[in-house]
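Chemist: Sequence:
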Amino acid sequence: MSSNVDRAVPLGSSSEADARPSDIIADLIAARLGCDVRALSDDAEPLKLGLDSLGMMSVINQARRLGVSATFEQLAERPTFGAWRQLLDAPRAEPEAVDPAPPVSPGEPFDLALMQHAYWAGRDADMEFGGVATHLYNEFDGPCIDTDRLDRAVRLLLERHGMLRVAIGDDGRQRILPQPAWPGLTIHDLRDLDDAEQAAALERVRHEASHRQLDIASGQVFDVAVSLVSESRTRLHVNLDMIAADAASFRVLMADLATYYHDPDSVLPSLTYSFPQYLADRRQAEQSETHTREYAEARDWWQARLPTLPGAPDLPRLRQTPGRTPTRVQRLHHWLNPVERERLEHIARKHGVTPAMALATAFVEAIGGWATDPQFLLNLPLFDRADLHAQVPQLVGDFSSSVLLAADVTDRMPFAERAVRLQQELRAAIDHRAYPGVEVLRDLSRLAGGERVLAPVVYTSALNLGELFAPNVREVFGDPVWLVSQGPQVWLDAQATELDGGYLVNWDVREGFFAPGVAESMFGAYRDVLSQLVADDAAWQRPIDDLRPPAQAARHSAVNETGAPQRANILHEPFFRVAAECPDATALAWETAEGPASLSYGGLCEQALRVAGALDASGISAGDLVAVSLPKGPAQVAAVLGVLAAGGAYVPIGVDEPPARQTAIYRATPMVAVITDANAHLPEDLPGSPAIVRIADALEATPLSAARRSDPDGPAYVLFTSGSTGTPKGVEITHRGASNTIEDLNDRYEVGPTDAVLAVSALKFDLSVVDIFGLLSVGGTVVLPDEARRADPDAWMQLMTDTLRVRLERDHGDRANQSDHVGREPGNQSICRISLWPK
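In terms of my numbering, the sequence shown opens at residue 37 and continues consecutively.
Rather than coming from a laboratory, the hints here were simulated on the basis of the structure.
All values reported here derive from a predicted model rather than from experimental measurement.
A hint or two may mislead.
Claimed, not checked - Straight line, CA to CA, 16 Å or less: simulated EDC-like cross-link-like pairs of lysine to aspartate or glutamate:
1) Lys-386 <-> Glu-453
2) Lys-765 <-> Glu-693
3) Lys-386 <-> Asp-573
4) Lys-765 <-> Asp-802
5) Lys-386 <-> Asp-572
6) Lys-84 <-> Asp-479
7) Lys-386 <-> Glu-81
8) Lys-800 <-> Glu-823
9) Lys-84 <-> Asp-125
10) Lys-800 <-> Asp-692
11) Lys-800 <-> Glu-693
12) Lys-800 <-> Glu-768
13) Lys-84 <-> Glu-381
With the sequences and hints as input, model every part of the structure.
Modeler: Written out as structure tokens, the structure reads:
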């Protein structure tokens, strides 16, 4: 689920000069699995042997470097190594040569990597859920540390890794300083304090350091401090701003720090390659034809999915002002011991999933247990170091990217089946990682009209990166006793890593964000699922039951118990009932060149029945589809009501639709008639030869005596999707379903006969159904803007003001002059309320 480092030279006796690609890949897989290469027989299945997403990414990257095109999907569909050999050794084009980037001069400013830029922007307190550094803080308890020796070790570390001296300016560019900004080792001497005082002092240090924002503009991205606990014990405090180094780099720098401390005279191999040069070389490689093609394919794949991608998990949370209050993080953690780890790995592989995916699926189940929508989006970091130089594995820097994972727990299914499906979804996302998650979120924000779209629930898997801390780190500095991370635009960051031979799972939760007890309950459910999976093989064959504590589940059910008898189940029936009871009430209001105009319920009823009569004469039958292609106005409403009164279902086709889209809708829908006006330009050769009913003629036709009663479960209307992913597709809505929605909204917002709505939604959008039928079913007024000014806010205000004045004068006479505002008069429920529907 995150990418490890690809080896520049594969292990084993074969070399790129004299070996087949499959031999090189076999060496790579054997090294990752820790097995003899001879174990990879033709029948062997690397995935079942333990090759996870990390290893798969390494295989694919190495294959592409050798000129072989391979994807997750191809390797997963043909899982034996014999099949992989056939794919890898097939005739192929020569690998594309890419010229190296020009050398980067020391101290020269260079651009931020994509994730670095996101972290830098997220530090802005004015950004939603911002004002936070991407920050890692760790404490070690161990034997007494020689502070002078540690100070020297840190300075050697800062000298070795340039990114620990990086300064990031206000222009969003970075530069490696020739000298570190580190002020030296901070020492807290707590040896003379009693136990209680010492504990309080250590808590103060933790409180201050664990959520610190280092001064990255001056080059402060790394800090080390020591608390002297006794003559023989110390606590080490390590701070890292992860804009300079990702989680894999943290392992590198801690191992190097331990080496420098253990042997001050040790000389680590010199680094002749740098992170700035890596970024330059990677950008150069991204100019290749191969990468350009992969990027375009990945971009098209993601953009085709944009309309169907879910949003962030909708979890129970508190109201708050994002980005304005100090952000702190609460850590929840659980450790699976080595025996539990081994059992989990064994059962997971038996079911065809990786251990990392088993842990991720348990996380998805836990989040889904509390999410309002069972479909939600997760953010998954990837540690993807491109194999550009032999020293890349030893570098410190931010090599990370991210992919988005669409999770869906709508259907109950066995855990193993859920894990397999989620694994397939993730592999498809990783196959298209050339277009990173940050770019996908930007696209989603543009699709949302500029509203920033976030993926604030993060799942990070560092399995198979090795133990969180190398043995020499623990030998020198002691046991890790506390670790926390945080980042901007993050509500919950879950991690899985290897520790003490087992698996450590953590949740870093934004304090004060979730409703009280929710984070703890979700984590408890996550822990319980993992325990079930380890203890009982049969648990993999069962769906995960409701994970919420009984009290929370009961409260949730009570709050969401909104069932009530449905009063009407035919969409148009309430309108005709109101028209019979209150024929003189105002149904429609609009603006003309001569001034305000209106139509009563009785008048609209007559027009609708005339349209129905015209359709009846054309031979309409119950459930037939009728296109309505008219501009916004009273005739459009009469046409819609007329179609329903005749027993048909209406299909809106916007007059502003491109001709190609109109044609596609007509061809996709068996229309029996089209209601339009004299200005319409219909496509030629309409499929099915529908009757063309001009609205002017229909309004003069002989009316039906009464509206026909439709089948409650029959279609009321068909709306077509935007068609962003191809041919527009129609969505059929029944009378019962639409009526239920109308009743619920009217009850929820107390809509009644004194209300009016400004109906700005186009007929082809579903909110127009609420605009029209919500008000007409209770005797309210629908205010119609002119089609040409439907998107003009000034026209909206004029319409609302004129409509309110006319209704007040009609209904309340002199009292109208006492209210010069739009809305209900305070304390008086009889004055008209006119508004847009709430979002």
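Chemist: Against each hint, give a clear statement of whether it holds in the structure.
Modeler: We went through each hint and held it up to the structure:
no.: 1; hint: Lys-386 <-> Glu-453; verdict: holds (12 Å)
no.: 2; hint: Lys-765 <-> Glu-693; verdict: holds (15 Å)
no.: 3; hint: Lys-386 <-> Asp-573; verdict: holds (10 Å)
no.: 4; hint: Lys-765 <-> Asp-802; verdict: holds (14 Å)
no.: 5; hint: Lys-386 <-> Asp-572; verdict: holds (14 Å)
no.: 6; hint: Lys-84 <-> Asp-479; verdict: violated (37 Å)
no.: 7; hint: Lys-386 <-> Glu-81; verdict: holds (12 Å)
no.: 8; hint: Lys-800 <-> Glu-823; verdict: holds (13 Å)
no.: 9; hint: Lys-84 <-> Asp-125; verdict: violated (22 Å)
no.: 10; hint: Lys-800 <-> Asp-692; verdict: holds (11 Å)
no.: 11; hint: Lys-800 <-> Glu-693; verdict: holds (10 Å)
no.: 12; hint: Lys-800 <-> Glu-768; verdict: holds (13 Å)
no.: 13; hint: Lys-84 <-> Glu-381; verdict: holds (10 Å)
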